[in-house]
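Dock chain Y against chain A, hints included.
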Amino acid sequence: MADRPITIREALSAALREEMQRDERVFIMGEEVGVWGGTYAVTRGFLDEFGAKRVRDTPIAEMVIAGSAVGAAMAGLRPVAELMTINFAFLALDAIVNHMAKVRYMFNGQFTVPMVIRTTTGGGKQLGATHSHAPEVLFAHFPGMYVAVPGTAYDAKGMLKASIRDDNPVLFVEHSTMLQRRSPVPDDPDFVLPIGKSDIKREGDDVTIVTFGKGLEWSMAAAEQLEKDGIEAEIVDLRWLRPLDLEPVFESFKKTNRCVVVEESLPMFSVGAEVAAQLQNEMFDYMDAPVKRVAAMDNPLPYSREIELMALPDAQKIVAAVKEVV
Amino acid sequence: MATDVQIAHQIDDTGVDLDAKLLLELYWQMVRARRTDERTWVLHRQGKIAFHISGIGHEGIQIGAAYAMRRGYDYAQLYYRDLAFAMAMGYTPHDFMLSIFGKAGEPTSGARQMPSHFSSRALGMLSSSSPVATQVPQAAGAALACKLRGEDRVTVVTLGEGSTSEGDFYEGLNWAGVHKLPLVCIVQNNIYAISVPVHLQMAVPNVADRAPMFGIAGAIVDGNDVLASYRVMSEAIQRAREGGGATLVEAKTYRPVPHSSDDDDRTYRTRDEVETWKQRDPILRFQAYLRERGLLDDEAIDEIEQRVRQEVDEAQAAAEAAPYPPAEDALYPLFKPLDETD
Numbered sequence: 290m291a292d293r294p295i296t297i298r299e300a301l302s303a304a305l306r307e308e309m310q311r312d313e314r315v316f317i318m319g320e321e322v323g324v325w326g327g328t329y330a331v332t333r334g335f336l337d338e339f340g341a342k343r344v345r346d347t348p349i350a351e352m353v354i355a356g357s358a359v360g361a362a363m364a365g366l367r368p369v370a371e372l373m374t375i376n377f378a379f380l381a382l383d384a385i386v387n388h389m390a391k392v393r394y395m396f397n398g399q400f401t402v403p404m405v406i407r408t409t410t411g412g413g414k415q416l417g418a419t420h421s422h423a424p425e426v427l428f429a430h431f432p433g434m435y436v437a438v439p440g441t442a443y444d445a446k447g448m449l450k451a452s453i454r455d456d457n458p459v460l461f462v463e464h465s466t467m468l469q470r471r472s473p474v475p476d477d478p479d480f481v482l483p484i485g486k487s488d489i490k491r492e493g494d495d496v497t498i499v500t501f502g503k504g505l506e507w508s509m510a511a512a513e514q515l516e517k518d519g520i521e522a523e524i525v526d527l528r529w530l531r532p533l534d535l536e537p538v539f540e541s542f543k544k545t546n547r548c549v550v551v552e553e554s555l556p557m558f559s560v561g562a563e564v565a566a567q568l569q570n571e572m573f574d575y576m577d578a579p580v581k582r583v584a585a586m587d588n589p590l591p592y593s594r595e596i597e598l599m600a601l602p603d604a605q606k607i608v609a610a611v612k613e614v615v
Numbered sequence: 160m161a162t163d164v165q166i167a168h169q170i171d172d173t174g175v176d177l178d179a180k181l182l183l184e185l186y187w188q189m190v191r192a193r194r195t196d197e198r199t200w201v202l203h204r205q206g207k208i209a210f211h212i213s214g215i216g217h218e219g220i221q222i223g224a225a226y227a228m229r230r231g232y233d234y235a236q237l238y239y240r241d242l243a244f245a246m247a248m249g250y251t252p253h254d255f256m257l258s259i260f261g262k263a264g265e266p267t268s269g270a271r272q273m274p275s276h277f278s279s280r281a282l283g284m285l286s287s288s289s290p291v292a293t294q295v296p297q298a299a300g301a302a303l304a305c306k307l308r309g310e311d312r313v314t315v316v317t318l319g320e321g322s323t324s325e326g327d328f329y330e331g332l333n334w335a336g337v338h339k340l341p342l343v344c345i346v347q348n349n350i351y352a353i354s355v356p357v358h359l360q361m362a363v364p365n366v367a368d369r370a371p372m373f374g375i376a377g378a379i380v381d382g383n384d385v386l387a388s389y390r391v392m393s394e395a396i397q398r399a400r401e402g403g404g405a406t407l408v409e410a411k412t413y414r415p416v417p418h419s420s421d422d423d424d425r426t427y428r429t430r431d432e433v434e435t436w437k438q439r440d441p442i443l444r445f446q447a448y449l450r451e452r453g454l455l456d457d458e459a460i461d462e463i464e465q466r467v468r469q470e471v472d473e474a475q476a477a478a479e480a481a482p483y484p485p486a487e488d489a490l491y492p493l494f495k496p497l498d499e500t501d
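Order-wise, the sequence lines are chains A and Y. The first sequence runs contiguously to residue 615 in my numbering. The second sequence runs contiguously to residue 501 in my numbering.
So here's chain A without its partners, still in its complex pose (with noise of 0.2 Å):
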């Protein structure tokens, strides 16, 4: 079937429609996916299509749309549970990651937890402090969950379906301001991406940008200055924090020998660092440059416009850290 240009908001909603249409164990609940459809829009006709039973809006308790969903996997549904965003997962920090990542290792696998946490992640809509930080590694850092970030509607669609047909936990980040963003994405209710399968979004010989989620777009815009400048980036866009699949990291490095990495999170303790341990372990006699990380500032991210985006990555950053190492 052809690919047909659509949005990561509609790439979402479709793999949302389809996993529903294919598995009657999948249901979903949060705040305002019912008659609203969605805080996004994603949901947006899914209570008159499936129903009440299936569509169910939940009150403001984070804790319980987290918990509960833990419960009714484990009791054999496969819950798709929606939380508005990843600042406030933090309220349901216990059930996600003392649970749900948890169960089965704890319980000798007497238990898997078939549920999908999907959030909004990202800053850039003056949404303050408590909104708009993009703190998906926090949760990376924990085993036992998978961690999706997609950035381009295609993997949105594939990542999102793998995510709901898959026997594992994961926690599903979109990125808030990306949701309008439009590619090619395959009509086939049985596309679906592998889980942790990292992907080259633009090839190039002299520097290797590994990024992910927003940091894709930052670093698309990044490498059509560099070019410019006769510098060819080669970017690899994870997809997944957990699991992360480094190979192809490594792969281009051998070839650039240099290498940035780009992301939205906090910069201590972040993608970043664990790129950079990582690569000085593997790639050490290919290395020519120290790596560079590209990330938010080490701040709370403030409101007003022209802070707020002075304090989150962008193009030019990711071309200044490019151009310290080639």
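I should point out that these hints are in silico values taken from the structure, not numbers from a laboratory. Just so we're clear, the structure is a prediction, and the values are computed from it rather than from any experiment. In this text, a Cβ means the ideal position worked out from N, Cα and C, and glycines have one as well. There could be a bad hint or two in this list.
[As the list claims (entries may be wrong)] List time: in silico DSS-like cross-link candidates among lysine-lysine, alpha-carbon distance up to 27 Å:
#	chain 1	residue 1	chain 2	residue 2
1	A	Lys342	A	Lys414
2	A	Lys543	A	Lys612
3	A	Lys342	Y	Lys180
4	A	Lys486	Y	Lys495
5	A	Lys517	A	Lys606
6	A	Lys490	A	Lys414
[Said to hold, decoys possible] According to the in silico footprint, chain Y covers these stretches of chain A (three or more CB under 8 Å from chain Y):
#	segment
7	358 to 366
8	377 to 388
9	453 to 466
10	557 to 565
Same frame as chain A, but now just chain Y:
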């Protein structure tokens, strides 16, 4: 709403129609759990195990509740004081001994989780938690799953009165109320959350007084009376099974031992208070009742004690003799492989 229950010395068998065989089975279950628990204290004091969290004194509500369930069909989401409850569901002294010694073959967790985190897919016991009250939202989720599938399965969740201060308790029961879920929430109110007394946990006299705010039924029962507990739980479970929604059952009880092997309860309560409650011990009360009804005498009591002792001895010996898990068991796969089926 019932008023404050007077903790009595008698057993209230009003409306309970259990035959002699079943009554004696309840008694045996209570004694079996108590002796397993007491043995675990001894093993801790001998330095043979790391830690114990005890359910002594809570056997009345736990055995009464378990027997009110359709065991093997209904779900239970238990907390760490529920040894008697778990044993009535099918968990054995041997299972528990393997757990406390951390030995290979421990059935609930492969010896990777702390003891007293009762979980068994086969017995319908969902995972249990250490951070208190997190089981309430999860149990509400399990109840939701049953309702969505159109089953008449009921989920029973238990916690202590201290745990009712957590937000999870409110979020979970609110959710159960909104969706009229087939859930029974038992709060075993033993007056102390470690050292903090109940009047510092809440400003209402009874946990069950909070039921109306969730729009669910509330009930208070003397948790040291196994038959009254059985009756109240039977009513709550029937209501849930028939679509009448959730019930918050408060079982008034007492923990005559410290919170765990690692605290000294003499720092926070008097010996007089503990001794007074020991007079209301759920096993002694039930024993007196069975004697009065001519169902139990000294000889029968001895026979039960000997049978239980033998089972606990054998369980302990088998667990002590069992090997530890191999080192690679720490690397138990976090994720279920794609090709693995249940």
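Against the structure, the hints come out as follows:
Distance check on the hinted pair: A:Lys342 and A:Lys414 sit about 34 Å apart at the alpha-carbon level, beyond 27 Å; violated. Of the pairs offered as hints, the one joining A:Lys543 and A:Lys612 holds, with about 19 Å between alpha carbons and a cut-off of 27 Å not exceeded. Using a Cα cut-off of 27 Å, the hinted pair A:Lys342 and Y:Lys180 is violated, with the two alpha carbons roughly 44 Å apart. At most 27 Å may separate the alpha-carbon atoms for a hinted pair to count; A:Lys486 and Y:Lys495 meet this at roughly 17 Å.
A C-alpha spacing of about 16 Å is found between A:Lys517 and A:Lys606, which places the hinted pair at or below 27 Å, so the restraint holds. As the CA atoms of A:Lys490 and A:Lys414 are separated by approximately 26 Å, the hinted pair is consistent with the 27 Å bound. Coverage of the segment 358 to 366 of chain A by chain Y holds. Counting CB-CB distances below 8 Å, 9 residues qualify, and the rule asks for three or more. Residue count for the segment 377 to 388 of chain A with a Cβ under 8 Å from a Cβ of chain Y: 4. That meets the three needed, and the coverage hint holds.
For the segment 453 to 466 of chain A, the stated coverage by chain Y is satisfied: 3 residues place a CB nearer than 8 Å to a CB of that chain, which reaches the threshold of 3. Given a C-beta distance limit of less than 8 Å, the hint that chain Y covers the segment 557 to 565 of chain A is violated, as 0 residues qualify and 3 are needed.
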